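Engineer: Sequence:
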Amino acid sequence: AAGAAEDLYISQAVVFIEDAIQYRSINHRVDSKSLWLYRWYYSRICQWILSLTITIILALAFIETPSSLTATSDVRYRLPAWDPPCGLTEGIELLCFLVFMIDVSVKSYLIGWEEFWKNKWLMAYILTLIISLTDWVVSLSFFCTEAVRIRRILRPFFLLQNSSMMKKTLKSINSTLPEMASVVLLLAVHLSLFTMFAMLLFARTKDGLQDKEWVGYFRNLPDSLTSLLVLLTTANNPDVMIPAYSKNRAYSIFFILFTVLGNLFLMNLLTAIIYNQFRGYLLKSVQSSLFRRRLGIRAAFEVLSSLKETPANAEQSYVSAGALFQVLQKVEMDFRCKQAIMMSLKICSCDQLSAAQFQRLFEELDKDAIKQHPPCPEYRSHFMRKVQFVFGHPYFGYLGNVVALANIVSICVVLVLDADKQPSERDDFFLGAINCFFIIYYLMEMLLKILAMGLKRYLSYPSNRFDGLLTTILLVLEIATFAEYGFPHPGWRPEFVGLLSLWDMVRLANMLIVFRFLRIIPNMKFMSLVVTTLLDLIKNLRAFAGILVVVFYAFAITGIMLFKGAVVPMGNVRKKCDFMSVFSHFQAEFICCLLYHRIAESFISFHLIYRWAKVYFVAWWLISSVIWVNLFIALLLENFIHKWDRRCHRESLSDIEYQRTVELMFRDVLEEPTEEELMEKLHQHPHLHLCR
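Numbering of the sequence shown is given in full-length UniProt numbering, commencing with residue 1 and proceeding in unit increments.
Rather than coming from a laboratory, the hints here were simulated on the basis of the structure. Wrong hints could be hidden among the right ones.
Restraint ranges, calculated between C-beta atoms of paired labels, are given here [stated by the list, open to error]: (1) Leu94 with Gln352: 53 to 59 angstroms; (2) His685 with Gln339: 27 to 33 angstroms; (3) His689 with Cys350: 26 to 32 angstroms; (4) Leu459 with Gln339: 21 to 27 angstroms; (5) Ser51 with Ala81: 24 to 30 angstroms; (6) Leu475 with Leu257: 58 to 64 angstroms; (7) Ala545 with Ala124: 17 to 23 angstroms; (8) Cys350 with Ser625: 53 to 59 angstroms.
Cut-off 20 angstroms, straight-line C-alpha distance, at most; resulting in silico cross-link-like pairs (DMTMM-like, lysine to aspartate or glutamate) [stated by the list, open to error]: (9) Lys338 with Glu364; (10) Lys330 with Glu364; (11) Lys346 with Glu363; (12) Lys681 with Asp7; (13) Lys386 with Glu363; (14) Lys168 with Glu115; (15) Lys330 with Asp31.
On a predicted model such as this, the values are computed, not experimentally measured, just so you know. Using N, Cα and C, we set each Cβ at its ideal position, and we do this for glycine too.
Based on the provided sequences and hints, a complete structural model is requested.
Structural biologist: Written out as structure tokens, the structure is:
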């Protein structure tokens, strides 16, 4: 019995530490069977299966009727799309629903019945599954001919509920909405007032030839409001003001005032408010993540302190170093962190660890990830050391940048000279010859750098991996070109051979050369700072991008259901077919969301569908352009300012690289939870009963 209890305490500590690492809640069952199920559920294979299932069910929109499996979206030229037989996609959906039912069942069991009723996300998860399964049964009942499938709009929820950071980001956005509403209301007042002014300024006159502005944009209240709303997005600028400006130059004052007040003042004021408010709410979210980490570590300490009885008169509990070492052997965590914690434990040379010492050991989880590059090889030969010094010097890299710039300039010169020539008149000799010369230089540069730095050190730099990969591709492409078309010579215009013509292969090589010129970024500190900021956003703000995908997906599906088949290609066939092709299937509608402004302008100009459809476009504009773009700007500013403030405090050694996460962005301003707060929360644990 004592051995079983000891194993249970060890298992509990392992799970609590893993919860702390992943910022997970510790409010779950802690008996031995539940702990095994918990670790199995959060294992890589189970989470990979769940992620794959979510990806599959979201990707079904591309092959479901109406299918996106066509080369073009233009209804005039595309072949009939392949429509899957009834039951194929439905069968895949059913398998996905089974995985989700297992997922929600395991989650509900692990947190317990009491916690289940407090968890709104789990209840929404079950409700979404019930509605989806009901809609799935209805689809089969109608033999897959029903026009509306509610479950397609609900699919993004499966992605949303699977990410804790995505939920926190959504909660932060929801908390920011009241502050944004005040500026949006001011924006609505701005639009309304200028709409009234516009209807008075551009009212109908007796001379019909002078009423172009009234006819085109300000005929009635809905048209006037719509025209100015689109002008706020700059999609119809300057078209909306040309008729009035042609009549009288003074009318430009109206449009200038509207644009200055709306775009320069109100929209930027909205950005400032979103940045200020959202940063505060995101900081609170990260603060709660820190509390979860500290709580998980403290829970591990408390259960490990139960392995050895503490004297009754002891003021505080202790954990043996051996027990902690045993736990660390079983914990799944980053190898670097594990080694650092074990090293600190050995250096400490303490048999017993207090709560403060135990917590300090795991502060390694909060530190920047530091990547140190391997050392250069040591050559005995004096000549090789000279070679290593020359080709390992930064000036050799600068020379490579100058050569790459010369390559870009030469390509530009050739493209300008051949811009007006017919393909039959073009001589590819010069371009082929200079490409051959520069590719040979790039190859020699790569080999000499490897010789000077060593292969491991060379590959440890992302810029070198990027450079080496493109150089290798260019070399293979150049060899393939010579194998098919021979060496460059005057009048080098052979006939089409193989998969690509000579011109296509030369163009591909030139595009790669232009892309390779990005290697200069690490050598320019300010540009490197900007690029690393963007890369950090891509790596760390996956939750933000996930919510963006959810919004895009929901609007794309809604657009298909609202507008599919609503447009008949009559009259101006070119314009109307283009518009109809946009809403014909999921991929086109998804692209429509990306290119909102031009599609909205076409819609408003031709009035192809009912006026109520404008609500769809205005809602999308508010969410995508007004709210979402400003949120992205706010996060971009926060990341950039943080990096800018810290760049002077970092070591300037080229051998060290720092890797940061969203939590580490705010690490300097977070408050550590007190021991009283941690213990109070632990005593409220529904399944863990502490002795003290």
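Engineer: Taking only the CA atoms, is the gap from Lys330 to Asp31 under or equal to 20 angstroms?
Structural biologist: 17 angstroms, holds
Engineer: Between Cys350 and Ser625, does the C-beta distance stay in 53 to 59 angstroms?
Structural biologist: 58 angstroms, holds
Engineer: Compare the distance between the alpha carbons of Lys338 and Glu364 with 20 angstroms, and conclude whether the hinted pair is satisfied.
Structural biologist: Roughly 9 angstroms separates the two Cα atoms, so the pair holds.
Engineer: Sort out whether Glu363 lies within 20 angstroms of Lys386, counting only the CA atoms.
Structural biologist: Roughly 44 angstroms between the alpha carbons, so the hint for Lys386 and Glu363 is violated.
Engineer: Does the hinted range 17 to 23 angstroms hold for Ala545 and Ala124 at CB?
Structural biologist: 22 angstroms, holds
Engineer: Verify the proposed pairing of Lys346 with Glu363, using a straight-line Cα cut of 20 angstroms.
Structural biologist: 16 angstroms, holds
Engineer: Given a hint of 27 to 33 angstroms, does the C-beta separation of His685 and Gln339 actually sit inside it?
Structural biologist: 31 angstroms, holds
Engineer: Compare the distance between the alpha carbons of Lys168 and Glu115 with 20 angstroms, and conclude whether the hinted pair is satisfied.
Structural biologist: Holds, at about 19 angstroms.
Engineer: Checking one constraint from the list: CA of Lys330 to CA of Glu364, max 20 angstroms. Satisfied?
Structural biologist: Judged against 20 angstroms, a Cα distance of about 18 angstroms means the pair holds.
Engineer: Given the proposed pairing of Lys681 with Asp7, does the C-alpha separation stay at or below 20 angstroms?
Structural biologist: 24 angstroms, violated
Engineer: Return holds or violated for the Cβ distance of Ser51 and Ala81 against the range 24 to 30 angstroms.
Structural biologist: Since the Cβ atoms of Ser51 and Ala81 sit about 28 angstroms apart, the hinted range of 24 to 30 angstroms holds.
Engineer: Is 58 to 64 angstroms a correct range for the gap between the Cβ atoms of Leu475 and Leu257?
Structural biologist: 59 angstroms, holds
When each numbered hint is compared with the structure, violations occur for hints 12, 13.
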